[in-house]
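So the sequence lines, in the order shown, correspond to chains A and B. So the first sequence is numbered by my numbering: it starts at 89 and just counts up by one. So the second sequence is numbered by my numbering: it starts at 256 and just counts up by one.
Since the hints were made in silico from the structure, they are not lab data. Fair warning: this is a prediction, and the values are worked out from it, not measured in the lab. C-beta atoms are modelled at their ideal positions from N, C-alpha and C, and glycine is treated no differently. Treat the hints with caution; some may be incorrect.
[As the list claims (entries may be wrong)] Here's a subset of chain A near chain B, in silico, CB distances under 7 Å, partners left out:
(1) E113
(2) L163
(3) D176
(4) I177
(5) F178
(6) F185
(7) N192
[Claimed, not checked] Listing some non-contacts, in silico: residues in chain A with all C-beta distances to chain B over 12 Å:
(8) A171
(9) R205
(10) F206
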Amino acid sequence: MSAEPSEPKSRYLQYLEIVTGSLEEKKRWRQYKARVKGLPESHRIAVEALERYLVHFGPADGAGAMEMYEDLADLFEQSAADATPIRDIFGEDPVAFVEAFMANYPLGQYRARERNRFVSAVERAAAEQDRTK
Amino acid sequence: MGKQLTEMLKGTLEGVVLAILSGRPAYGYEITASLRERGFSDIAEGTVYALLVRIEQRGLVDVEKVPSGKGPPRKVYSLNAQGRECLEEFWRTWDFLAGRLGRLHQGGEQT
C-alpha cells in the first residue's frame, strides 16, 4: 500500500501533500491514536494529559514529533503490561518528567525559529554595545 | 534533603544508568528496579524511560527487541563501545567534582 521510502513520490502525491500536509505523518498519528485507545482507562487518561501538554509546549510538527508520540505509546503500553502504577511512571513531579521526555526531540519549526531569533537578537545587542564603546 | 537530592541526581542519573548497564544488559523495568535496590528509590519510571530514549538516540547503547509473554516486545539495552567511553568520562568527571567538593567541605583551600 505505502510506497518504498526510496521511491520518488508521484507528482500527484507531491501536490496533494502541499494541500493536506504529510500523509505519512497523518497515518502515523492515526496509528498512535489507535494504540492509545487500546490502553487501560487509567493509562489512556494519563497519555491524553501528556499529549495535551506536548501539543502546547512540544515540537508540534515534523517527523520528530511523531517519533515522540510513538515513544510515548511504547512507554505506556509497556507499563500497562508490567502493571506499573501511574504514580510510579510520573514520580512526584509530572512536569519534570514531561519536560525531560520532551527535551529528547528536535524543536518544532515555530520554536526553533523563535529560539534562533532570540540568540541573534542577543548577539545584535552585544554588537551594538561593542560599537558604542 | 529531598529536593536537593532530586536536583543533584538529575545531573548524574545518566552516568548511574550507564554504570548499571555496564554490568549486564537490561530492559526499562529492570533498570528502575535495579536503581531502587541501590537506594535510588524516588526515581520515576518515566524519567528513566526518557533517559533511555536519549542514550539510544546518542548511540551509547545497542537495543534489541525481545518478545515478552505479556504485552509488547521489550527493548533490551546493552552498553556499546561508545557508551563505555561515555561511562569512563562520567567517572573521571565525578572524581574531579567529588575531589573539589571534598576539599571545599573541609575548607582545605582556605589555608
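Status of each hint after checking the structure:
1. Against a cut-off of 7 Å between C-beta atoms, the interface hint on E113 (chain A) is violated, since the closest Cβ of chain B lies about 19 Å away.
2. The criterion of a C-beta within 7 Å of any C-beta in chain B is met by L163 (chain A), whose closest approach is roughly 5 Å, and the hint holds.
3. Here the hint on D176 (chain A) is kept, as its CB sits about 5 Å from the closest CB of chain B, short of 7 Å.
4. With its C-beta approaching chain B no nearer than about 5 Å, I177 (chain A) sits inside the 7 Å limit, and its interface hint holds.
5. A hinted interface residue such as F178 (chain A) counts as satisfied when its beta carbon comes closer than 7 Å to some beta carbon of chain B; here the least separation is about 6 Å, so the hint holds.
6. This hint holds: F185 (chain A) has a C-beta 4 Å from the nearest C-beta of chain B, less than the 7 Å allowed.
7. With its C-beta approaching chain B no nearer than about 5 Å, N192 (chain A) sits inside the 7 Å limit, and its interface hint holds.
8. Taking the minimum C-beta to C-beta distance to chain B, about 9 Å, the non-interface status of A171 (chain A) is violated against the 12 Å cut.
9. No beta-carbon of chain B is positioned within 12 Å of the beta-carbon of R205 (chain A); the least distance is around 26 Å.
10. Interface exclusion of F206 (chain A) from chain B stands, the closest Cβ pair being 24 Å apart, more than 12 Å.
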